[in-house]
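Based on these hints, arrange chain B on the given structure of chain A.
What follows is the residue order along each chain.
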Amino acid sequence: MITLQNVSKWYGTFQVLAECSTHVNKGEVVVICGPSGSGKSTLIKCVNGLERVQEGIIKVNGMEVTNSGADLTRLRANIGMVFQHFELYPHMTVVNNICLAQEKVLKRSRTEAMEKTMSLLERIDLTEHADKYPGQLSGGQQQRVAIARGLAMDPVAMLFDEPTSALDPEMINEVLDVMVELANDGMTMMVVTHEMGFARKVANRIVFMDEGRIVEDASTDEFFNSPRSERAQAFLAKILHH
Amino acid sequence: MFGQFDYEIIAKSIPFLWQGLQLSFLLTALAILGGIAIGTVLALMRLSSMKALSLFSATYVNLIRSVPLILVIFWFYFLVPLAIGRPVGGFYSALIAFIIFEAAYYSEIIRAGIRSVTRGQVWAGQATGLNYWQIQRYIVLPQAFRNMIPILITQAIILFQDTSLVFVVSLRDFMTASSIVAQKEGRLIEMYMFAAVVYFVICLAGSTFVKRLKKETER
Numbered sequence: 000m001i002t003l004q005n006v007s008k009w010y011g012t013f014q015v016l017a018e019c020s021t022h023v024n025k026g027e028v029v030v031i032c033g034p035s036g037s038g039k040s041t042l043i044k045c046v047n048g049l050e051r052v053q054e055g056i057i058k059v060n061g062m063e064v065t066n067s068g069a070d071l072t073r074l075r076a077n078i079g080m081v082f083q084h085f086e087l088y089p090h091m092t093v094v095n096n097i098c099l100a101q102e103k104v105l106k107r108s109r110t111e112a113m114e115k116t117m118s119l120l121e122r123i124d125l126t127e128h129a130d131k132y133p134g135q136l137s138g139g140q141q142q143r144v145a146i147a148r149g150l151a152m153d154p155v156a157m158l159f160d161e162p163t164s165a166l167d168p169e170m171i172n173e174v175l176d177v178m179v180e181l182a183n184d185g186m187t188m189m190v191v192t193h194e195m196g197f198a199r200k201v202a203n204r205i206v207f208m209d210e211g212r213i214v215e216d217a218s219t220d221e222f223f224n225s226p227r228s229e230r231a232q233a234f235l236a237k238i239l240h241h
Numbered sequence: 000m001f002g003q004f005d006y007e008i009i010a011k012s013i014p015f016l017w018q019g020l021q022l023s024f025l026l027t028a029l030a031i032l033g034g035i036a037i038g039t040v041l042a043l044m045r046l047s048s049m050k051a052l053s054l055f056s057a058t059y060v061n062l063i064r065s066v067p068l069i070l071v072i073f074w075f076y077f078l079v080p081l082a083i084g085r086p087v088g089g090f091y092s093a094l095i096a097f098i099i100f101e102a103a104y105y106s107e108i109i110r111a112g113i114r115s116v117t118r119g120q121v122w123a124g125q126a127t128g129l130n131y132w133q134i135q136r137y138i139v140l141p142q143a144f145r146n147m148i149p150i151l152i153t154q155a156i157i158l159f160q161d162t163s164l165v166f167v168v169s170l171r172d173f174m175t176a177s178s179i180v181a182q183k184e185g186r187l188i189e190m191y192m193f194a195a196v197v198y199f200v201i202c203l204a205g206s207t208f209v210k211r212l213k214k215e216t217e218r
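Residue numbers (numbering that gives the first Met the number 0), protein chains in the order written: chain A, 0 to 241; chain B, 0 to 218.
Take these hints with a grain of salt, some might be off.
Said to hold, decoys possible - So the derived label-pair ranges between C-beta atoms look like this:
#, chain 1, residue 1, chain 2, residue 2, range
1, B, 130, A, 179, 30 to 40 Å
2, A, 117, B, 82, 56 to 66 Å
3, A, 18, B, 215, 46 to 56 Å
Claimed, not checked - Straight line, CA to CA, 25 Å or less: simulated SDA-like cross-link-like pairs of lysine to any residue:
#, chain 1, residue 1, chain 2, residue 2
4, A, 44, B, 132
5, B, 50, A, 68
6, A, 103, B, 207
7, A, 131, B, 122
As the list claims (entries may be wrong) - Some, not all, of what chain A presents toward chain B, calculated at C-beta under 10 Å:
#, residue
8, 67
9, 69
10, 71
11, 79
12, 81
13, 82
14, 83
15, 84
16, 85
17, 89
18, 99
19, 105
20, 108
21, 145
22, 155
23, 158
Simulated from the structure, these hints should not be mistaken for laboratory data. Using N, Cα and C, we set each Cβ at its ideal position, and we do this for glycine too.
So here's chain A without its partners, still in its complex pose (with noise of 0.2 Å):
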């Protein structure tokens, strides 16, 4: 579903990603995780295009995401994505965050919008919130506006870029509650997170970065009980016992 080859990337001099490999086949669930500044949102920007790289191929169901003649618009509107801050759009109302690109993109009409959308907001929970702006809600309920938002558009495959970074403990586990659940129902899904709980849960595969590199891609439970590079080590080690 999603594969990256060698894919590298630069800020002017500085190398911000060297040479990643890796791939999420369809209904997979895969973890990318490693200390800040490593490259995992960078590289996970890069899998819809939001941020272009220099050498490697991405492709995403088929398509060559790194080609310079992308129809990028048609492939982003079949991935979702949720973001670090929520990026809820604060002038429009919840059921407008996430009937916009339904009506404009995938040309719905408001009635079918609608009924979407109120069905996802009923699946998590906020119905009673539909009418709201999002300056109202906590952060934990704009962040679960955020994923309906990406799950409208019916997408093949959802990325996550830290989704609980920004939000207050006690918010986490309603947001990756929503998670689970995608990942139960069959979701492929790419998440950027330090949520180790997470994603021994429901991972299939984890994913660590270190300055700019993939330095381990093991299955959850080799990444866990027999972590290879002394860097993912140490990772563990700082994550877990503290």
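Coordinates of chain B only, in the frame set by chain A:
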């Protein structure tokens, strides 16, 4: 000096002055609309990744902003008829001049407004498959304009005062109308005092409104 202050003359000339004030308002309103429309296009061009568009917009803005408004008004009064071969009249040439002039200022305000919308908002729009124009139309510009409303109104107040320059193309705006009465009746003090009061009240109302809006948006 105010012993012989003749209120009568003001009262008597109100209908004539009102006509002038209406022209001032009309010019201001149309120049704001035209200026914002063209200013938005210029701002988008300036922020575009296409070098030629950005260069054109930058040149336009810098050129217009380095000449006095009165000169632009003269230009269009004398040059446009030469270019199209027939006179366009004081009103249209002044209106075009104001729009062209204001567009340069508005484009800088709008550019700042667009830049105040975070990168993440654009990403969010892109990630759902919206194209460039849809992102501008539905996500960026509404937020940009909301952030800029106070400064747009401030610019409108300046523009309203600047409409008094149309006397150079013999249009009767409020200032010119006051002037005419003052000269004809020999009541300079009354008329110029009254004109000052009217401008003061209108502009004060505008700036008070801006202050309240700012407070509102800060909350």
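Here's how the hints hold up against the structure:
1. Between residue 130 of chain B and residue 179 of chain A the C-beta distance comes to about 33 Å, which sits within the given range of 30 to 40 Å.
2. Separation of residue 117 of chain A from residue 82 of chain B is about 58 Å and conforms to the stated range, judged on CB atoms against 56 to 66 Å.
3. At about 52 Å, the beta-carbon gap between residue 18 of chain A and residue 215 of chain B stays in the expected band of 46 to 56 Å.
4. With a CA separation close to 21 Å, the supplied pair residue 44 of chain A and residue 132 of chain B stays within the 25 Å bound.
5. Simply put, residue 50 of chain B and residue 68 of chain A have alpha-carbon atoms about 20 Å apart, close enough for the 25 Å limit, and the pair holds.
6. With a C-alpha separation of about 39 Å, the suggested pairing of residue 103 of chain A with residue 207 of chain B is violated against the 25 Å cut-off.
7. Simply put, residue 131 of chain A and residue 122 of chain B have alpha-carbon atoms about 23 Å apart, close enough for the 25 Å limit, and the pair holds.
8. Interface restraint check for residue 67 of chain A: the shortest CB-CB distance to chain B comes to about 14 Å, outside 10 Å, so the restraint is violated.
9. The interface hint given for residue 69 of chain A is broken, as the beta carbon of that residue sits about 13 Å from the closest beta carbon of chain B, more than 10 Å.
10. Hint status for residue 71 of chain A relative to chain B: holds, with the closest Cβ pair at about 8 Å, below 10 Å.
11. Checking residue 79 of chain A against chain B: minimum C-beta separation of about 7 Å stays under 10 Å; hint holds.
12. Among the interface hints, the one on residue 81 of chain A holds; its C-beta lies about 9 Å from the nearest C-beta in chain B, closer than the 10 Å criterion.
13. Annotation: interface hint on residue 82 of chain A holds; nearest CB of chain B at approximately 6 Å, less than 10 Å.
14. The restraint placing residue 83 of chain A at the interface with chain B holds, with a minimum CB-CB distance near 8 Å, inside the 10 Å limit.
15. Because the closest C-beta pair between residue 84 of chain A and chain B is about 6 Å apart, less than 10 Å, the hint holds.
16. This hint holds: residue 85 of chain A has a C-beta 8 Å from the nearest C-beta of chain B, less than the 10 Å allowed.
17. A distance limit of 10 Å between C-beta atoms decides the matter here; for residue 89 of chain A the minimum to chain B is near 7 Å, and the interface restraint holds.
18. At a threshold of 10 Å, the smallest CB-CB gap from residue 99 of chain A to chain B is about 6 Å, leaving the interface hint in force.
19. The interface hint given for residue 105 of chain A holds, since its Cβ lies 8 Å from the closest Cβ of chain B, which is under the 10 Å cut-off.
20. The interface hint given for residue 108 of chain A is violated, since its Cβ lies 17 Å from the closest Cβ of chain B, which is over the 10 Å cut-off.
21. At a threshold of 10 Å, the smallest CB-CB gap from residue 145 of chain A to chain B is about 8 Å, leaving the interface hint in force.
22. For residue 155 of chain A, the shortest C-beta to C-beta distance to chain B is roughly 13 Å, which exceeds 10 Å, and the interface hint is violated.
23. Because the beta carbon of residue 158 of chain A sits about 8 Å from the nearest beta carbon in chain B, less than 10 Å, this interface hint is met.
When each numbered hint is compared with the structure, violations occur for hints 6, 8, 9, 20, 22.
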